[in-house]
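*Asks:* Position 70 (the sequence shown) corresponds to 70 in the numbering used here; numbering is contiguous.
Don't read these hints as lab results, they were simulated from the structure. Just so you know, these numbers come straight off a predicted model, no measurement behind them. A portion of the hints provided could be inaccurate.
Said to hold, decoys possible - Heads up, simulated DSS-like pairs for lysine-lysine below, C-alpha to C-alpha not over 25 Å straight-line:
#1 K23 / K45
#2 K2 / K50
#3 K2 / K23
#4 K50 / K23
Stated by the list, open to error - Quick list of the computed label-pair ranges, beta carbon to beta carbon:
#5 N32 / D62: 16 to 22 Å
#6 K45 / E19: 25 to 31 Å
#7 R7 / D29: 18 to 24 Å
Ideal Cβ positions, reconstructed from N, Cα and C, are used throughout, including at glycine.
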Amino acid sequence: MKWTDVRLIAIELAEAHPEVDPKTLRFTDLHNWVLALEDLHDDPKHSGEKILEAIQTAWIEDAECLCGSFV
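Please put together the full structure from these sequences, using the hints given.
*Replies:* Spelled out as structure tokens, the structure:
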């Protein structure tokens, strides 16, 4: 995975941290969690605020879709 694989990263983060509300996540924590993913094979310097925001948004959207599917 590369930093631009925001949807895949969001899915892996949601699986690794199911107890976390992505809306409350700080970018410093998000950055560290992405770096800790085994499947990430990209330079840490290739991330930035826009990429982290896109990952967080994808995670939020996925979480909302999952919650909505049980209603």
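*Asks:* Hint by hint, say whether it matches the structure.
*Replies:* Cross-check of the supplied hints:
1. K23 / K45: 24 Å, holds
2. K2 / K50: 14 Å, holds
3. K2 / K23: 23 Å, holds
4. K50 / K23: 15 Å, holds
5. N32 / D62: 16 to 22 Å: Distance hint for N32, D62 holds at roughly 20 Å.
6. K45 / E19: 25 to 31 Å: At roughly 30 Å between Cβ atoms, E19 and K45 fall inside 25 to 31 Å, so the hint holds.
7. R7 / D29: 18 to 24 Å: 20 Å Cβ-Cβ, so the 18 to 24 Å window holds.
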